[in-house]
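Peer 1: So you can see what is in the structure, the chains are spelled out below.
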Amino acid sequence: MKEEIIIAGFGGQGVLSMGKILAYSAIMQDLEVTWMPSYGPEMRGGTANVCVIISDKKISSPIITRYDTAIILNQQSLDKFEKSIKPGGLLIYDPSGITRAPERTDIKIYSIDAIEVAASIGNAKVYNMAVLGAYLKARPFLEMKNVVKGLEKSIPARYADVIPKNREAIEKGMEQAKLVLE
Amino acid sequence: MTEKILMKGNEAIAISAIRNGVDGYFGYPITPQSEVMETLMKEKPWETTGMVVLQAESELSSINMVYGGASCGKKVMTSSSSPGISLMCEGISYMAGAELPCVIVDVMRGGPGLGTIQPSQSDYSQSVKGGGHGDYHCIVIAPASPQDMYDYVDWGFELAFKYRNPVIILADGIIGQLMEKVELHPVKPRRTAEEILRDAPWATTGKPASRQRNIITSLSLDANTQEEFNRKLLAKYETIKENEVKFCEYHTEDAEYLFVAFGCSSRICEAATDILREEGIKAGLLRPVTLYPFPEKKIAGLAGQVKSMMSIELNLGQMVEDVRLAVNGRCPVGFYGRQGGNIYTPEEIVDEFKKFNNLK
Amino acid sequence: MDIISDIKKPENMVYGRPALLTDNVMHYCPGCSHGTVHKIVAEVIEEMGIQDRTIGISPVGCSVFAYNYIDIDWQEAAHGRAPALATATKRLCPDKYVFTYQGDGDLASIGTAEIIHACSRGENIVVIFINNGIYGMTGGQMAPTTLLGMKTSTTPYGRDPKLNGFPLKITEMLAALDGTAFITRQSVHTAAAVRKTKNAIRKGFEYSMKDVGLSFIEVVSTCNSGWKLSPVEANAWMVEHMFVKYPLGDIKDVLK
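Residue numbers (the working numbering), protein chains in the order written: chain A, 1 to 182; chain B, 1 to 360; chain C, 1 to 256.
Pulled out of the complex, with its shape left as it was, chain A reads as follows (with noise of 0.2 Å):
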């Protein structure tokens, strides 16, 4: 298997830590990953994506401009990824966070209100995690324990508390995910 995948949003989202432990995970499940953010000027406050890349054998290029999935938190990220996405692949994409409906007919999307998600827990920081948990549902490739080690590698020791809220909203986001477009 090899899936390609762009995570894409505001600075600020969770976009990088959401790639990195998915990444992880992945790499928990022994599988091969590669993790590129976009990185620079749009660091500060604007725009921030990664393409995370999962696959069974070694890879080459970590640089990919069409992908099997992308998850979009924002208008921008819509605008510039969606037609990048391949025939077939996958969107996962956050209502509150755009203004104009996907237009693609021949991919499947799903819909998380992880604000939502987050408020119920009572934490704002773990809006990621429940959009996490909408990819995970929609392409359960994953199991649930290699997620969990991949939340604790990735969450430095002295935040370890944190990580019951983290896989509750992962948990949460897989369950409120809404099928789109089949």
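FYI, nobody ran anything at the bench for these hints, they're computed from the structure.
Glycine included, each C-beta is placed from N, C-alpha and C at the ideal position.
Hints may be right or wrong, so weigh each one.
As the list claims (entries may be wrong) - Pairs of lysine to aspartate or glutamate, EDC-like flavour, derived with a Cα cap of 20 Å: (1) A:145 with B:274; (2) A:2 with B:249; (3) A:149 with B:183; (4) A:58 with B:3; (5) A:57 with B:274; (6) A:58 with B:249; (7) A:149 with A:161; (8) B:4 with A:182; (9) A:86 with B:348; (10) A:86 with B:347; (11) A:2 with B:347; (12) A:57 with B:183.
To be verified - On the chain A side, residues computed to face chain B include the following (Cβ under 8 Å): (13) 23; (14) 35; (15) 37; (16) 39; (17) 60; (18) 61; (19) 62; (20) 159; (21) 162.
What the hints assert, rightly or not - One side only, chain A facing chain B, incomplete, derived with CB under 8 Å: (22) 24; (23) 27; (24) 34; (25) 80; (26) 84; (27) 144; (28) 174.
Since chain A is already given, all that's left is putting chains B and C on it; use the hints.
Peer 2: Structure of chains B and C alone, referenced to chain A:
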């Protein structure tokens, strides 16, 4: 079992330095490599291995701190990105002239001038041909993954001390920022004072009555003395060329067409090679791992086998000059590059390859 | 002959060349202050018994060849960068006595960044700063410390502040930095002055093991060749003019 950790190329440099017994790191912040010093500062190796980490006031000062540390026989290093490396070129020339071992990491970004902060490979000529003044060469090694970043720190010091010569790890913004899993090899302790006396008897370790004083200098006012020294350097470079060339091959055994690419470009070319092979076109890839010494013999050999070669670089065409020298007219040599921080995709390279070779 | 060997008994010895000065013939011009400062540096190292624990950093300038004259391990730095070399050397080898020996062009012009930041970081090193107000090695050009009105090969009509800026009193600047421990300005034009300078250099070496910061000894010096004066005239000119702009004495001592 060795531990596998997801980390950026820049972080891998820092962690490797600590785990491989490096004595000192001296640097100055510059994108896209600031994570090297940030990681070192976060890890506080002075409390564990005793490694010295210092933020200098400039790249000029950083490289001269490296000069001072290397003079003491210590394993010392710095890292920077293109504009910072330009500032360091004075010190690098002096270190080549004083035959001092050190490791310098260049995480390249677009130039000239302040340029961009996005990935580039446009310091090839600067690193491989010289950069600073005078007849000298650094050994230049080009990583293509965070694992390489981790491994090349130790390899770099091995080469640096074997030949008493500066070593440049020539990376780029992609390899610096890319996260992949990195296998951590067993820890190597820092060398003891006795080991330094054994391995670096030339170093300024304090003159005992039993030996002549050690002087680290690149100065000789006498033309004949200087010429003799220049020829000694030449002999060293010839030995390095003989012994240290390293490259990776991908589908070269039956290749009719060859890509030559280093660093991140080699990985993109690997994907392009796969696409072409699926189409039944026998493409192959040669990745020079050492850029100096350059794998000229290997390329000369392949020139008799393939119909053409293409050098793929994130610059206006720098390594391609060395490929052409090695090929020496025996097959056509093409070039495709992107600049300014833009990066080609495998598909784009396939298209350019077909254009160059008149293939559909 | 017997009379001479009779006189050369150890008990009759009142003055000698320090053992740490090598037999190499110095390239300095007759009358130059470098020879005297080299001698007292060698004496201090010898008297403290720290030859095997001392690392010198020589500059670019007339004293580039300091390593030929004092029998210790030396590093020869690029122009102005000696404090950077010394910083790393001391931090990596804290049990060593580390000093730089720099002229005014090296320290106060091309190397200002390195000296200011070494001082600011409070590196536990000793800096010996030879200020003769001119570039000696390259043939007498203006230095940052050249006095107003002073003629050099690049100020042939005298240093004019409108054209060439003002003399830089870098020692006072460095004294203002928190990382410096001992700052003094001395000279070597009389036997008494030589003794004072030697004591200051020794104090600097001692301080460098006390973790109190950087010690900086400026030696206001002559360059009779560059100044185009005889050695005696040069000393008199220095007293009359240089000491006015660069007054002698301790400027800072954190342990006092």
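Peer 1: Now look at each hint and say whether the structure bears it out.
Peer 2: Each hint, compared with the structure:
1. For the suggested pair residue 145 of chain A and residue 274 of chain B, the alpha carbons sit about 34 Å apart, so the restraint of at most 20 Å is broken.
2. Our distance criterion of 20 Å between C-alpha atoms is broken by residue 2 of chain A and residue 249 of chain B, whose separation comes to about 24 Å.
3. Restraint check for residue 149 of chain A and residue 183 of chain B: the C-alpha separation of about 18 Å stays at or below 20 Å, so the hint holds.
4. About 18 Å separates the Cα atoms of residue 58 of chain A and residue 3 of chain B, which keeps this hinted pair within 20 Å; it holds.
5. Restraint check for residue 57 of chain A and residue 274 of chain B: the C-alpha separation of about 13 Å stays at or below 20 Å, so the hint holds.
6. The straight-line distance between the Cα atoms of residue 58 of chain A and residue 249 of chain B is roughly 15 Å, inside the 20 Å bound, and the hint therefore holds.
7. Taking the CA atoms of residue 149 of chain A and residue 161 of chain A, the gap is about 14 Å. The hint holds against a cut of 20 Å.
8. Taken as a hint, the residue 4 of chain B and residue 182 of chain A pair is broken in the structure, with Cα atoms around 38 Å apart against an allowance of 20 Å.
9. For the hint linking residue 86 of chain A to residue 348 of chain B, the alpha-carbon distance of about 17 Å falls within 20 Å, and the restraint holds.
10. Restraint check for residue 86 of chain A and residue 347 of chain B: satisfied, since their Cα atoms lie roughly 14 Å apart, inside the 20 Å limit.
11. Restraint check for residue 2 of chain A and residue 347 of chain B: satisfied, since their Cα atoms lie roughly 17 Å apart, inside the 20 Å limit.
12. Simply put, residue 57 of chain A and residue 183 of chain B have alpha-carbon atoms about 17 Å apart, close enough for the 20 Å limit, and the pair holds.
13. With a cut of 8 Å, the hint placing residue 23 of chain A at the interface with chain B holds, because the nearest CB-to-CB distance is about 6 Å.
14. Among the interface hints, the one on residue 35 of chain A holds; its C-beta lies about 4 Å from the nearest C-beta in chain B, closer than the 8 Å criterion.
15. Residue-level restraint check for residue 37 of chain A holds (minimum Cβ-Cβ distance to chain B is 6 Å; threshold 8 Å).
16. A hinted interface residue such as residue 39 of chain A counts as satisfied when its beta carbon comes closer than 8 Å to some beta carbon of chain B; here the least separation is about 5 Å, so the hint holds.
17. Using the Cβ-Cβ criterion of 8 Å, the hint placing residue 60 of chain A at the interface with chain B is satisfied: the shortest such distance is roughly 4 Å.
18. Taking 8 Å as the C-beta cut-off, the interface hint given for residue 61 of chain A holds, the closest approach to chain B being about 4 Å.
19. Checking residue 62 of chain A against chain B: minimum C-beta separation of about 5 Å stays under 8 Å; hint holds.
20. Annotation: residue 159 of chain A was flagged as interfacial toward chain B, and the flag is violated, the nearest CB pair being 14 Å apart, outside 8 Å.
21. Annotation: residue 162 of chain A was flagged as interfacial toward chain B, and the flag is violated, the nearest CB pair being 19 Å apart, outside 8 Å.
22. Given hint, residue 24 of chain A at the interface with chain B, holds; its Cβ is 5 Å from that chain's nearest Cβ, closer than 8 Å.
23. Interface restraint check: residue 27 of chain A against chain B, minimum CB-CB distance 5 Å, threshold 8 Å, status holds.
24. Hint status for residue 34 of chain A relative to chain B: holds, with the closest Cβ pair at about 5 Å, below 8 Å.
25. Checking residue 80 of chain A against chain B by beta carbon gives a least distance of about 16 Å; that is not within 8 Å, so the hint is violated.
26. Interface restraint check: residue 84 of chain A against chain B, minimum CB-CB distance 11 Å, threshold 8 Å, status violated.
27. About 19 Å separates the beta-carbon of residue 144 of chain A from the nearest beta-carbon of chain B, more than 8 Å, and the hint is not met.
28. For residue 174 of chain A, the suggested interface contact is broken, since its CB lies about 23 Å from the closest CB of chain B, more than 8 Å.
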